[in-house]
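**Q** Build out the structure end to end from the sequences listed, making use of the hints.
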Amino acid sequence: MGDERITPHDADELSRCFAAHARELFGYACVLVRGDRVLAEDLVQTTFEAAGRDWRALQGLAEQQRHRWLRSTLGHIAASGFRREAAFRDRLARIEARYRKAPADPPEQAFSAITLERCWRIIREMPERQHAVALLRWQLDMKEAEIAAVLGIAEGTVSAQLHRARRKLIAQLGPEHPFTRDDPEGASS
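Numbering-wise, the sequence shown is residues 2 to 190 according to the working numbering.
The hints are simulated quantities; they were obtained by calculation from the structure and are not laboratory data. Predicted model only: the values in this text are computed from it and were never measured. Worth double-checking, as some hints may not be accurate.
[Claimed, not checked] Listed next, with one range per pair, are the computed distances between beta-carbon atoms:
1. Arg168 <-> Arg6: 51 to 59 Å
2. Pro128 <-> Gln66: 28 to 36 Å
3. Glu126 <-> Ala58: 32 to 40 Å
A virtual CB, placed ideally from N, CA and C, is assigned to each residue, including glycine.
**A** Shown next as structure tokens:
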């Protein structure tokens with residue numbers, strides 16, 4: 002990318018855009034990050050940095066379109082952060098396990114680890130939206146409303162995607178599936 006500096010006029014327009022939208026975006030970010038105000042502020046900041054980079058395109062949009070762009074961009078940035086965080090947590094657990102002295106591994110623990118690995122393999126092969134919904138629910142323990150907000154889809158769509166994902170896991174794992182009769186998601190919503 003070249004040295005494209007924002008003009009003083011564009012900076013003034015971007016500043017007015019910030020004043021008009023930052024508060025609502027901060028509230029939206031707080032919902033996405035479960036009330037973590039510092040992380041919400043970072044998301045708003047990163048969103049406006051992206052707006053600054055794309056200001057030439059954004060300045061020609063109507064106010065409502067610009068607002069949708071900001072909100073959508075914030076949601077995408079948050080989802081990317083959740084994915085990076087989940088990948089990091091996954092790697093961290095493997096690193097820690099690699100250097101930890103191995104305790105006795107009873108057959109039940111081995112069976113659970115194998116089943117869990119099979120679950121994640123099945124989830125990785127799911128269609129993109131179903132995969133994203135499954136990861137946000139079962140790896141990040143997000144509620145359906147939070148998933149809907151992050152992905153910009155209806156709660157009913159999230160519920161349907163989770164139902165399909167659960168059915169796929171049960172069908173492919175058979176009696177080894179991790180869902181109980183009392184709690185179809187394996188965790189309370």
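**Q** Note whether the CB distance of proline 128 and glutamine 66 lies within 28 to 36 Å or breaks it.
**A** holds (29 Å)
**Q** Between arginine 168 and arginine 6, is the Cβ distance one that fits in 51 to 59 Å?
**A** holds (53 Å)
**Q** For the hint 32 to 40 Å, verify it against the beta carbon of glutamate 126 and that of alanine 58.
**A** holds (36 Å)
The structure is consistent with each of the numbered hints, conforming to all of them.
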